[in-house]
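Asks: Take a look at the letters that make up each chain.
Number of protein chains: 2
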Amino acid sequence: MDLVTIDDISDAATRIEGLVLRTPLVDNQRLSQELGTRVLLKAENLQHAGSFKVRGALNTLLAWQERGELPEGVVSFSAGNHAAAISYAGQRLGVRVIVAMPSKPVPSKVANVERFGGEIVPTDDLATTLGELAERHGFPILHPFDQSEVIAGQGTAGLELCADGPSPDLVLVPVGGGGLLSGVAAAVRKLAPSARVVGVEPATSNAMSQALAAGAVVRLDNPSATVADGLTAPFAGEHTLPHVQAYADEVVEVGEDAIQSAWRELVESSKLLVEPASAVCLAALRTGVVQAPQGGVTVMVISGGNADLSRLA
Amino acid sequence: MDLVTIDDISDAATRIEGLVLRTPLVDNQRLSQELGTRVLLKAENLQHAGSFKVRGALNTLLAWQERGELPEGVVSFSAGNHAAAISYAGQRLGVRVIVAMPSKPVPSKVANVERFGGEIVPTDDLATTLGELAERHGFPILHPFDQSEVIAGQGTAGLELCADGPSPDLVLVPVGGGGLLSGVAAAVRKLAPSARVVGVEPATSNAMSQALAAGAVVRLDNPSATVADGLTAPFAGEHTLPHVQAYADEVVEVGEDAIQSAWRELVESSKLLVEPASAVCLAALRTGVVQAPQGGVTVMVISGGNADLSRLA
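Chains as they are written, first to last, in my numbering: chain Z, 119 to 431; chain E, 119 to 431.
The following block holds chain Z by itself, in its conformation from the complex (with noise of 0.2 Å):
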């Protein structure tokens, strides 16, 4: 298949430019000085609806668009905030949304998808039920991360973290089925090309490790045990593989313990609401699986904000 490029993503920009925030890059000062590199957050966090996934599901919803082919409605599975992005970009272009989320989300996450008139099926095998719905309806599948327009989409955040800071040596990226980091990698292999690229996935629900290590696309029996709950994907996809073999340098996995904590300090830290998803990076650098570029520029993308306060006192 075509590998996205960044030309791709310079027309998703110019697609989805004014709907989506264009977020910003903070400086991290404490965790700068902790760590020894100078630590820069793109707080998609403060994304409409609540994660970076708007990007994805706009430049989809819009490239249709442009070719004659919006549907009436799309289905998709989402552990919560592609349903809510999709949910978001429908509401905006008239088109029903429906989605397959787990039979036990987590409840801020029902709470946005419902905002914006987002259908869910609750289910325990997202798969099954994502092809059932497709079938029932008739609607076309709006990805969560296998899909190019999304990853091009997703990849607009790459593309703007080149843009608005200093060149980095290392970006970090949160990886559950891995749209996000197929986009930005291929941004930022072609924007700034010596920096190192690099995923970070959960130990316990590590789909794109697995997929790398057989070289082919790995189904997971239970993803879903991990306290980062935004990376419970089921698989890595025949898209995003391929990406992140050509694109990205490295994924690496972290533990639970690692995360919890690394959510408390970046919460504190940054002063950013993110969701546990998002401390996974932060998690990677100081279990030391990942090395940070002393002195140089380091940059965590922070996935999302959607995370239940009363899990992080």
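Please keep in mind that the hints were generated in silico from the structure rather than gathered at the bench.
For each residue, glycine too, the CB sits at the ideal point set by N, CA and C.
Some hints could be false.
[Stated by the list, open to error] Here are some of the chain E residues that sit facing chain Z, going by a computed Cβ distance under 7 Å: (1) 145; (2) 163; (3) 166; (4) 391; (5) 423.
[What the hints assert, rightly or not] Below, a sample of chain Z positions facing chain E; criterion: calculated Cβ distance under 10 Å: (6) 139; (7) 148; (8) 163; (9) 166; (10) 427.
Given the structure of chain Z, go ahead and fit chain E onto it with the hints provided.
Replies: Here is chain E on its own, set in the frame of chain Z:
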């Protein structure tokens, strides 16, 4: 006395450039929809040391340094944010910092002072202890609000919000001793003359409202009984009162329940970790004590992010 002017604020901006963050002005779509006005947050919770206070602290020390009057040490009093800010500024410029703080402070605020090497003197009478410290050490006072250089420094937040966003119709500012309101109002009055500038203080800690009513500084007996701990100034100042009289349109009061519920809603909707003091502005809009300009632009100045997470959940 001479009031701080836009020229003083511009000088301050030049002086502190590169030492403070130009904090983002963050669109809040959820509050915008709820309130019928475009809500922008000037996110000073992301500022170094966690609040706007570094602006005034650095401007004062740097102005003294320019005049060849940089002291060996300074003394002050603070609920916590000013203490952290002058500790931060003092550490940068090699100035010792000794600060009187409430004997039962917010724990995260104590940690934030100690992180930057500030020396804390716990007290139940801030003003008296400050006088004692000044006498004992022979150091000048770097006042939390009642000093021209401090007011000019805080005003740089107003300068930035006018420069970085659409022209505001309403600017809301939390009020403790009134330094932030004084500076921001001075800037906005000049740069966006048609905007209303409104200060908001807790009804239980309303030194500025009392001073405005009396036409003179009023000392409060017990100003600490508010969840908005950052706004417990024991008096509005000899400097800040005339600035507010000259530059601000109004100062309003909000109750404790309104602050508490606005705090949670502000954090959840903005994805910013803010301290409760920052929520008084939202409380003022939600209680109707201030009318939002329907279809217009409302900027809320988010004063700081030094909150204890446990109090939020």
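Asks: None of the hints should be skipped; say for each whether it holds.
Replies: For each hint, the structure was consulted:
For residue 145 of chain E, the shortest C-beta to C-beta distance to chain Z is roughly 6 Å, which falls under 7 Å, so the interface hint holds. Using the Cβ-Cβ criterion of 7 Å, the hint placing residue 163 of chain E at the interface with chain Z is satisfied: the shortest such distance is roughly 4 Å. A distance limit of 7 Å between C-beta atoms decides the matter here; for residue 166 of chain E the minimum to chain Z is near 6 Å, and the interface restraint holds. Below 7 Å, beta-carbon pairs count as interface contacts, and residue 391 of chain E has one with chain Z at about 4 Å; its hint therefore holds.
Because the beta carbon of residue 423 of chain E sits about 3 Å from the nearest beta carbon in chain Z, less than 7 Å, this interface hint is met. Hint status for residue 139 of chain Z: holds, given a least beta-carbon distance of 6 Å to chain E, under 10 Å. Given the 10 Å rule on beta carbons, the hint for residue 148 of chain Z holds: about 8 Å separates it from the nearest Cβ of chain E. Interface hint status for residue 163 of chain Z: upheld, as the beta-carbon distance to the closest one in chain E is roughly 4 Å, under 10 Å.
Hint status for residue 166 of chain Z: holds, given a least beta-carbon distance of 6 Å to chain E, under 10 Å. For residue 427 of chain Z, the interface hint holds, the least distance from its beta-carbon to any beta-carbon of chain E being 5 Å, beneath 10 Å.
Every hint from the earlier list agrees with this structure, and none is contradicted.
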